[in-house]
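Heads up: the sequence shown begins at 1 in my numbering, then just goes up one per residue.
Do not rely on the hints blindly, as some may be mistaken.
Unchecked claim - Derived pair list, reagent style SDA-like, types lysine to any residue, alpha-carbon separation capped at 25 angstroms:
hint, residue 1, residue 2
1, Lys37, Leu10
2, Lys39, Lys70
3, Lys23, Arg8
4, Lys70, Met3
5, Lys6, Met38
6, Lys23, Lys70
7, Lys23, Lys37
8, Lys53, Pro27
FYI, nobody ran anything at the bench for these hints, they're computed from the structure.
Just so it is clear, the structure is predicted and the values come from calculations on it, not from any experiment.
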Amino acid sequence: MSMATKVRMLLAARDISMTELGKRLDPPTTIQNLSGKMKRANFSEKELIAIAKACDAEFEGSFILNDSKKVI
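All chains should be built: construct the whole structure from the sequences, respecting the hints.
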């Protein structure tokens, strides 16, 4: 599942539009900028943390080893 899909799911769960998300981000961003990032699924970890904060959520980025299930 792409990160753009996960962001869309978060927005749906919180009933927040892309326009509203743009206004909530610090610094605020345009719908055009967000739409471009969604199309390319091109988000930095910093941006994902900011999106989570704007939606009253937490972002956890991690790797999980398949053999030992160790989280890195």
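The hints, checked one at a time:
1. Lys37 with Leu10: Status holds; Cα separation ~15 angstroms.
2. Lys39 with Lys70: Given that 25 angstroms is the threshold and the Cα spacing comes to 32 angstroms, the pair is violated.
3. Lys23 with Arg8: 16 angstroms, holds
4. Lys70 with Met3: 22 angstroms, holds
5. Lys6 with Met38: Between Lys6 and Met38 the Cα gap is close to 10 angstroms, so the pair holds against 25 angstroms.
6. Lys23 with Lys70: 38 angstroms, violated
7. Lys23 with Lys37: Distance ~16 angstroms between Lys23 and Lys37 Cα, so the pair holds.
8. Lys53 with Pro27: Holds: Lys53 and Pro27 sit about 13 angstroms apart, inside 25 angstroms.
When each numbered hint is compared with the structure, violations occur for hints 2 and 6.
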